[in-house]
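A.B. asks: Protein chains in written order, with my numbering: chain A, -3 to 215; chain B, -10 to 336.
What the hints contain is simulated information worked out from the structure, not anything from laboratory work. Each hint should be verified, as a subset may be incorrect.
Stated by the list, open to error - Derived CB-CB ranges, DEER-like: (1) A:Asp179 to B:Lys222: 41 to 47 Å; (2) A:Val38 to B:Leu90: 42 to 48 Å; (3) B:Glu277 to A:Tyr48: 42 to 48 Å; (4) B:Gln152 to A:Met183: 53 to 59 Å; (5) B:Lys225 to A:Gly15: 23 to 29 Å.
Note that the Cβ used here is the ideal one computed from N, Cα and C, for glycine as well.
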Amino acid sequence: MTTSALPALSDIPEGVVPGLLRIENSDREATTPVILEMLRSVYPHDQIFGDYCPVQAYIEAPPRELYEYLADTRSLEEWTYSLRGFTETAEPGLWESYDRLGPNTRIYTRTVANPDAMTVDYHCAWDQSKHLWMIYLMRVVDAQVVFDKPGSVVLWTNCHHPFYDRNPYQDSAPEGRKVWVGDFWEMFSAGHQLEMDNLKAIAEYRAAHGLPLTPDWMK
Amino acid sequence: MDFTDPALRIVPPVSLVDVASYLPGEPVGTEYFTQFSRSERMAKNVMFRAPKGRHHIGRDTRVHEMAEQAIAPLIERHGAQEISNIDILITHTQLPENPVLGAGGEVARRLNMNPRFVFDVHNGGCAAFVHMMWLARTIMLTTDARTALIVATQNCAGPVFTQTEIRKLAQAPVPGDGCGVGFLVKNNSAPILDIECRTYPEFAGDMEFSTGSDRKYWEPGEGQGCVSFTESKVAKVFARGNRLVPEVAHEVCKRIGVKSSDIDTLVTNQPNRLFLRNWHDALELPAERHPDTFDQCGNLFAAGIPVTLDTENQAGRLRNGSVVLMSAFAHAGDFAGAAAVRWGAAR
Chain A
-3 MTTSALPALS DIPEGVVPGL LRIENSDREA TTPVILEMLR SVYPHDQIFG DYCPVQAYIE
57 APPRELYEYL ADTRSLEEWT YSLRGFTETA EPGLWESYDR LGPNTRIYTR TVANPDAMTV
117 DYHCAWDQSK HLWMIYLMRV VDAQVVFDKP GSVVLWTNCH HPFYDRNPYQ DSAPEGRKVW
177 VGDFWEMFSA GHQLEMDNLK AIAEYRAAHG LPLTPDWMK
Chain B
-10 MDFTDPALRI VPPVSLVDVA SYLPGEPVGT EYFTQFSRSE RMAKNVMFRA PKGRHHIGRD
50 TRVHEMAEQA IAPLIERHGA QEISNIDILI THTQLPENPV LGAGGEVARR LNMNPRFVFD
110 VHNGGCAAFV HMMWLARTIM LTTDARTALI VATQNCAGPV FTQTEIRKLA QAPVPGDGCG
170 VGFLVKNNSA PILDIECRTY PEFAGDMEFS TGSDRKYWEP GEGQGCVSFT ESKVAKVFAR
230 GNRLVPEVAH EVCKRIGVKS SDIDTLVTNQ PNRLFLRNWH DALELPAERH PDTFDQCGNL
290 FAAGIPVTLD TENQAGRLRN GSVVLMSAFA HAGDFAGAAA VRWGAAR
């Protein structure tokens, strides 16, 4: 049992880390105004969605089943807005499909899922499969734990990879295509919310009608 | 006869034809409060966040005296007879002098009025000016009453916030005293375009009146009276205020078919600088279209809206025909109101 204070930050001389606000150097009386200053009625879109695109939803469906559904790459055929025609490539676990946001645009997906943490990460890329740089990070949480009610909470975050602004694989783009996936970055927050709403609608319909969340065609 | 014909339901407009205000005495500087600050750090904080000045009434100043001063310019502009013939008198007083009765009767007596409708209203809090406009308009639209006088008096800064224990608190330098009045007439000269008033019972009771001791305020004994929130509620109330004032303002904008960013002038209550910033940000208005009197007067509670309207009007910054939107929330968020007026009181 520890009876003395932990030697927190003892490797760094006091006061040299800029911007550190801890109760030792800024008590509640001093910190409350700092926090109130940070609270706003509205926040600029860029401040919320500039480098990250977080989307989340409560879904009235069992978390384990929802995780298993999402962990199957083919679920994207159902709840995404534009990914269609999934076929597995010769490389196991790597799927090819079309992103119908762009004409003749192939998208490659590898799903990395962890059943213990119920995380489902889709590693994707347009046009080529050697560098899957578009990463969709998803996590299913048991709503019982966080909301004290049955169901699931789905957290979905996307990070603004520099390739969204600059396609380094111009050579593999289909000829004549004028759009690039990163052109849609400003719409990702709304677009992903729309897809999250799709996921919620599908999963809640199946759960409410006694259907398995993962349909037979995916089995 | 087609009773669904909208033409049959056209109601006569009610106008806010004039505003006036009164600020008591010489401004009190912030150094008055910093001398009592509990620490050097707090003194600096007070200097940074508090208004530069505020007006304080003396402990013997009466509500009707403030009201008389505020109404005097209306008498000058509209004639003593028009004001003494008022049909409706509605008063809101932050700190009633007599816990049993309001100021309405005495204000009427002092000004030789004999109104048919006299109301002392309490629940509008910092949004009382909008609340009283709403009430006055409702009475005018349902009776043959033609004129109304609404009186918002903030009188707790000097008497309450300079008490020996209270003046040491960080919030003590923020309130200021003042009185603002509005003159409403059933005509089309400066029509109220729409009003939204909402009560949120779920937030009632979060603002407390305490004596700093066990005694009730009507009991004898120790302690100094003060209105406050518990410290843990501060952030909740702040978040509510951030939301409520734009919410009712947007509702009025929607109903009158004007984008919030096209509003000519926004006038809100003015509890602190952060709210002022957050509210015009939320309505997508530049700060210059959201005038306030915070730095000169502090938080004027219910009087904030009419005092700022009068200040802007006297400075010639409110143009006739422009859309003026008022919005405010009360107490810890249990009431909020917004009203839009096609301005017509420019002088």
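A.B. asks: All the hints need checking, so say for each whether the structure fits it.
C.D. replies: Each hint, compared with the structure:
{"no.": "1", "hint": "A:Asp179 to B:Lys222: 41 to 47 Å", "in the structure": "46 Å, holds"}
{"no.": "2", "hint": "A:Val38 to B:Leu90: 42 to 48 Å", "in the structure": "43 Å, holds"}
{"no.": "3", "hint": "B:Glu277 to A:Tyr48: 42 to 48 Å", "in the structure": "34 Å, violated"}
{"no.": "4", "hint": "B:Gln152 to A:Met183: 53 to 59 Å", "in the structure": "57 Å, holds"}
{"no.": "5", "hint": "B:Lys225 to A:Gly15: 23 to 29 Å", "in the structure": "27 Å, holds"}
Going through the hint list in order, the structure does not satisfy hint 3, though it satisfies all others.
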